[in-house]
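When you get a sec, could you build the whole thing from the sequences and use the hints?
Sequence lines, in order, name chains A and B.
One point on numbering: in numbering that gives the first Met the number 0, the residue at position 220 of the first sequence is 219, and numbering is uninterrupted.
One point on numbering: in numbering that gives the first Met the number 0, the residue at position 229 of the second sequence is 228, and numbering is uninterrupted.
Everything labelled a hint here was simulated from the structure, so no lab data went into it.
Some hints could be false.
Claimed, not checked - One side only, chain A facing chain B, incomplete, derived with CB under 10 Å:
#1 95
#2 211
#3 223
#4 245
Unchecked claim - Lysine-lysine pairs mimicking PhoX-like chemistry, simulated, CA-CA at most 25 Å apart:
#5 A:76 - B:202
#6 B:13 - B:89
#7 B:89 - A:76
#8 B:202 - A:78
#9 B:203 - A:78
#10 A:202 - B:203
Unchecked claim - Computed footprint of chain B on chain A; a stretch qualifies when at least three of its residues, placed anywhere within it, have a C-beta under 8 Å from a C-beta of chain B:
#11 49–62
#12 232–242
Just so you know, these numbers come straight off a predicted model, no measurement behind them.
We put the beta carbon where it would ideally sit given N, CA and C, even for glycine.
Below are the chains, spelled out letter by letter.
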Amino acid sequence: MSGFYSEVSSQIVEQVSVAPDCYLLTLKAPQVAAAANPGQFVMLRCSTGYDPFLRRPLSIHQVLREQGKIRFLYRVKGKGTAWLSERKPGERVSLLGPLGRGFVYSEKKKKGLLVGAGIGVAPLLFLAEELASLEWQLVTLIGARTASQVLRGDAFSRCGAVKVITEDGSAGERGLLLQLLERELRENDFDVIFGCGPLPVLKGIQEFSRRFGIPAQIALEERMACGVGACLGCVCQARDRTYLRVCREGPVFAADEVILDG
Amino acid sequence: MVDLSVEIAGIRMKNPVMVASGTFGFGLEYAQLFDLSRLGAIVTKALTVEPWPGNPPPRIWETPAGLLNAIGLQNPGVEVFADEILPELKKFDIPVIANIAGFTKEEFAELASRLTGTGVSGLEVNISCPNVKAGGMVFGTVPELAAEVVEAVVSSTSLPVIVKLTPNVTDIVAVAKAVVEAGAHALSLINTLLGMAIDIHRKKPVLANVTGGLSGPAIRPVAVRAVWQVSQAVDVPVVGMGGICTGSDALEFILAGATAVAVGSANFYDPLSSVKVVEEIENYCIEHGVESLHELVGAAWKN
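Below, the structure written as structure tokens:
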């Protein structure tokens, strides 16, 4: 299902650096805040001219509904996000959204396992807060290379248990996120897994979902041009080898729905 | 009141602004954002005889003031379009021009014949897609082959036939003349420029298809030049496109000889850009005392 989206000029309320090259951006966007579902994204224009030319897809990190605000957590990766990181409160940015198909979940309370690697926690906080308000029982696993890249742990801990693992052991356990995931699945029961992160993590989630027989939903990241399903630039491969649009059929897919290559 | 209406090969449009094939899907993706009937016409994503999967990803790559794409004609096929999509599109008061892409001359004829009588207002013959191994640009770079395709299309339909030309040729005028002689009622130009990008970390081409088509503001001067040359050499209307983002951009093409224009990649930059282009052209006409858009067509070389 794809709901109503609009193009809005939105005012920056706050922009703070939360880690090296990582920013938390708060925008006033009541229309988007009212319509958004966890897992959806917006296309944000990251220039005043034609370079960079394409909008950047950013997943919605948090929605403050009563205040009509939305938040994004992003890492500076190139020219577009660098431009965005230099914007100050009071300035306006053009955004298109909310777009795409987000996470699917029941209103009945269940046990959910959230798995976020690095900046991959971005779409998961909005989900965690929605599920927590439905009284789901949540465990969030956050993995990163090092302590400074463990993002938004406090916010997740308000929604349920949080377990952290870093490759260098500077925060939480030392090791790999997928090791923590495997142990968690072996020791505890969950109804569903929700994950986001780089390809190896998504592939791991896909594999564990199959092995433990627990359905999983994964949020994919892909370069996009239009963001609304028109240009067919952002496809991924479905199990039947046809192409699905990440912007329209996704960005959240059932883990067994897609083939992850790379 | 400025008269912005134009006629392209018998297709009457309330204004000269279309959206370019492949950048606007089948229009329905944008219908909730603005009233599609504010545009002059919609040109659909390219249609093939059979459903076509397109190229593997990555399919797009951003470049300075533009992008490379190698979608490879992914589409649900002409049957699904005619039976399921077109009835939805026809609810809007706007001409629908179907872009057709055959892999052979015979397929072009089949597509033309299948779409005749369905309610589309015209055909845009795609002999300029740079991203497929058969057909596409192969037809559009050789005047004789281009003419054969156009003859096959024209003899299979009563619909107006617009032929979309590739800029990836030494002499675009030669191809233009050949297809007009073969019966094309109008021309549209330009399709994308063949390009590529390399990932210096992986040391491999970025696009799975290796090469792609370059579009966006970066290519606009190439497109304006092509319209200037072609519109002076043929006596059929020209639809100009290539990097149009604003009314000023569109007016360059009109003054260079285009009767109508199409907004393409700018739909990604700003999905409302096509309707803004209409407004900006109208404002220009008011400011410059232009009563009918026809006064401006080719004015840069006519006067």
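Verification of the supplied hints:
1. 95: With Cβ-Cβ at 7 Å, under 10 Å, it holds.
2. 211: Violated - the Cβ of residue 211 of chain A stays beyond 10 Å from chain B, reaching only about 29 Å at its closest.
3. 223: 8 Å, holds
4. 245: Where the cut-off is 10 Å and the nearest Cβ of chain B is about 9 Å from residue 245 of chain A, the hint holds.
5. A:76 - B:202: 19 Å, holds
6. B:13 - B:89: 16 Å, holds
7. B:89 - A:76: Not OK: residue 89 of chain B and residue 76 of chain A at ~43 Å, beyond 25 Å, violated.
8. B:202 - A:78: 21 Å, holds
9. B:203 - A:78: Given that 25 Å is the threshold and the Cα spacing comes to 21 Å, the pair holds.
10. A:202 - B:203: 23 Å, holds
11. 49–62: holds (count 6)
12. 232–242: holds (count 8)
Checked against the numbered hints above, the structure breaks hints 2, 7 and satisfies the rest.
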